[in-house]
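A.B. asks: From just these sequences and the hints, can you work out the full model?
So the sequences go chain by chain: A and B. Going by my numbering, 85 is the number at position 85 of the first sequence; the sequence numbering is gapless. Going by my numbering, 121 is the number at position 121 of the second sequence; the sequence numbering is gapless.
Derived by calculation from the structure, the hints in this document are not laboratory data. Note that CB positions come from ideal geometry on N, CA and C, so glycine has one too.
Here are the computed distance ranges between Cβ atoms for each label pair:
| no. | chain 1 | residue 1 | chain 2 | residue 2 | range |
| --- | --- | --- | --- | --- | --- |
| 1 | A | I136 | B | K39 | 20 to 30 Å |
| 2 | B | L15 | A | A33 | 27 to 37 Å |
| 3 | B | P53 | A | Y132 | 17 to 27 Å |
| 4 | A | Y132 | B | G94 | 18 to 28 Å |
| 5 | B | L26 | A | H15 | 44 to 54 Å |
| 6 | A | W59 | B | E4 | 23 to 33 Å |
| 7 | B | L18 | A | K42 | 18 to 28 Å |
| 8 | A | P37 | B | G67 | 46 to 56 Å |
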Amino acid sequence: MTPSIIKLDTTAEDHHIARMAAVALGLTVLENAIPSPLPGVKPGLANIVTLIVLARYGWRVAAWVSLLRVLAGSLLFGNFLSPGFFLSLSGAMLSLLMLAFAQHLPKRWFGPVSHSIYAAFAHISGQMLVVYLWLIPHAGIAYLIPIFATAALLFGTVNGLIAARFMDNANALNSKPIENPI
Amino acid sequence: MHTEALQHIRPGDWLTLLLGSIFVVLLTLKLWGGDLADKAIIRSGGKIFREVPLSRNQQIEVPGPLGVSVISIQNRKARIASDPSPRQYCVRQGWLQQSGEIALCLPNQVSVELTGSKKKYDTLNY
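C.D. replies: See the structure below:
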């Protein structure tokens, strides 16, 4: 039997995206080890990677990294195509949509912290939309919105600060963009 | 440590933080303010016909002198779905959600009033 070799042509950019998505995936795994007081309230550490990629390489690469992370994460945790997967996906897609607009804010005034906060609010909006339209079509879930919104503001700020700090450190160490940040 | 964290926040970021905080506070006040009603009082001919919680979706038929008014409760809201009154004012009022809201069908002597945990002041109560 002759071994058949399937070879995909991959570019350096593909490898780069895959590496970034792997870092984001690592943070997702780490985050799942942290107990949460309420299902859905999570720090969203993987979004730090999305923010850094957005600032360095633009929106298209950030979208790839974010969506790959959602897909690979769901395969890893075994919830592909389950409600949890669609919650992640809707959150990630609305965040990316928001970032597509937020990235055009003047850089002098708005940094990763703003991007992160806007994306966090968009994330929770996307999730609440799926919850309301599909999972729990009841107005009672409105009582949970203030909790989620507070968490979005808090974790959005913290993630933005971490991303900003990381980029400052990396810039201080090396003036040219580094290939593999972690 | 604190000053180090602060230097990553650009002027516009403070604006974002401020707007985000205001947004969260307004959301909390609106959604946790206790203004959302949790009970509907249905009256017919001036007497209480039934008191129903808004938590369960249902249709209630209330008899009056002109015929039957249908009241529907859905998603913590209530409305008069149909009524034999000639001008249909109470039907056209639509969904009631806030505590203190009331829909009256005078010709058929049917009314729906929403109440919450605390009764708000209005001229019907005083």
